[in-house]
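Number of protein chains: 2
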Amino acid sequence: MIEKYPSKLLEDAVEAIGTLPGVGHRSALRLALHLLGQPQDNVHHFTAAINNLVDGVHYCKECRMISDSDTCSICSDPTRDHKTICVVESVRDVMSIENTGQYKGVYHVLGGIISPINGIGPSDLTIKELVERLRTLQGQAVEVILALSGDVEGETTSFYIYRQIERLGVKVTSLARGLGFGDDLEYADSLTLGRSIVNRIEFKP
Amino acid sequence: MIEKYPSKLLEDAVEAIGTLPGVGHRSALRLALHLLGQPQDNVHHFTAAINNLVDGVHYCKECRMISDSDTCSICSDPTRDHKTICVVESVRDVMSIENTGQYKGVYHVLGGIISPINGIGPSDLTIKELVERLRTLQGQAVEVILALSGDVEGETTSFYIYRQIERLGVKVTSLARGLGFGDDLEYADSLTLGRSIVNRIEFKP
Chain S
1 MIEKYPSKLL EDAVEAIGTL PGVGHRSALR LALHLLGQPQ DNVHHFTAAI
51 NNLVDGVHYC KECRMISDSD TCSICSDPTR DHKTICVVES VRDVMSIENT
101 GQYKGVYHVL GGIISPINGI GPSDLTIKEL VERLRTLQGQ AVEVILALSG
151 DVEGETTSFY IYRQIERLGV KVTSLARGLG FGDDLEYADS LTLGRSIVNR
201 IEFKP
Chain E
206 MIEKYPSKLL EDAVEAIGTL PGVGHRSALR LALHLLGQPQ DNVHHFTAAI
256 NNLVDGVHYC KECRMISDSD TCSICSDPTR DHKTICVVES VRDVMSIENT
306 GQYKGVYHVL GGIISPINGI GPSDLTIKEL VERLRTLQGQ AVEVILALSG
356 DVEGETTSFY IYRQIERLGV KVTSLARGLG FGDDLEYADS LTLGRSIVNR
406 IEFKP
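Quick note, the sequences are listed as chains S and E, same order.
Here the working numbering is used: the first residue of the first sequence is 1, the next is one more, and so on.
Here the working numbering is used: the first residue of the second sequence is 206, the next is one more, and so on.
Okay, chain S solo, but in the shape it has when bound (with noise of 0.2 Å):
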């Protein structure tokens, strides 16, 4: 434990950078003490795309990713399928999934999950704002899918989103939920193997 500084504006820095997930004291210590290393102009330029992301970002109107305008790339790319909307749960899902490079659709970000624990709730998340969305496209053969992690939350969020959009009319469907490519029986957890041969699928050679 580091109790005495020898400077004030070391101590604020000191602080301010261990307000950073997984970042304690010393290591608050040794990245304050880099940055001090640094030419001047580079710890500038590192602070001013700090305050240039959260002062410049915008969040898409239609499905909440942050973006450069108004519009995301996804949402003003006419090649996308605008009738299939992928609901995750943040910023980095829909990232994720991009790379894949699988999928032709869209988005909702819902900013969040519902989480009593952490003190979110439905109004916490975009899941209103979904629900406005897929009013505009009624009577479209608009589909859904609840991309949400398998936890307990995650299957709360969906079954909630769920229930608020099943008498839209739309198709609602959600990820596959098996043995990942490549596992080995050996060492799969016993709830994901016995899903999966209770929802086998046809073999297609």
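These are computed hints drawn from the structure, not numbers from a lab.
A few of these clues could be false.
[To be verified] Quick list of in silico lysine to aspartate or glutamate cross-link-like pairs, EDC-like style, CA-CA up to 16 Å: (1) E/Lys213 with S/Asp70; (2) S/Lys4 with E/Asp273; (3) E/Lys209 with S/Asp68.
[To be verified] Per label pair, the in silico range of CB-to-CB distance: (4) S/Ser96 with E/Thr224: 17 to 27 Å; (5) E/Gln245 with S/Thr156: 26 to 36 Å; (6) S/Arg92 with E/Thr361: 38 to 48 Å; (7) S/Leu191 with E/Thr361: 57 to 67 Å; (8) E/Thr224 with S/Lys8: 22 to 32 Å; (9) S/Arg92 with E/Arg297: 32 to 42 Å; (10) S/Ser149 with E/Lys209: 13 to 23 Å; (11) S/Gly178 with E/Thr361: 56 to 66 Å; (12) E/Asp394 with S/Ser190: 43 to 53 Å; (13) S/Gly178 with E/Thr397: 51 to 61 Å; (14) S/Phe181 with E/Thr224: 28 to 38 Å; (15) E/Leu384 with S/Phe181: 45 to 55 Å.
Glycine residues also receive a C-beta, built at the ideal position from the N, C-alpha and C atoms.
Please arrange chain E on chain S, whose structure you already have, making use of the hints.
Just chain E, lined up with the frame of chain S:
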């Protein structure tokens, strides 16, 4: 590997954060999205603390320690022994020694260590300033403690400094080396154990 960013601002911020030591691409993205989820004021406070540090920090004109003014709190403290100068590699070493509460002398921060592999020579360090400082104290009973690390680079630097200051008539000491307090003989490395026997000290019950 994340290849595609939904926003140039996010990409710039991730790139900037990724320049920190020990922060990879994925961690940088995680930190950028964390900052994006914070209130804007908190982020501005975070970046301002860093800018204030690099823009406002002073280096003590005596010992080169970082400080909020031209003379650090240690060098300006009349109760410290200004004729005992502990030579250390970095600011962090000063903080470590200060935290022991065992040292009442002053410091001299080298700002690094002689390391040909990293392109750091004696002229990159504050050795010249140390020699100057000792010259102004000539005729007085000055002690210089070489408190550098025990590896090859530390030993080389200690030796180099010794050669520079030996003709100034100062007493030169170095940190005691031996088993740590509470160390188990069984797990001590043989070099340390061997030296501990050769350099044994009088038993003080």
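Worksheet entry | Structure versus earlier hints - violations, ascending order | No numbers; nothing is violated.
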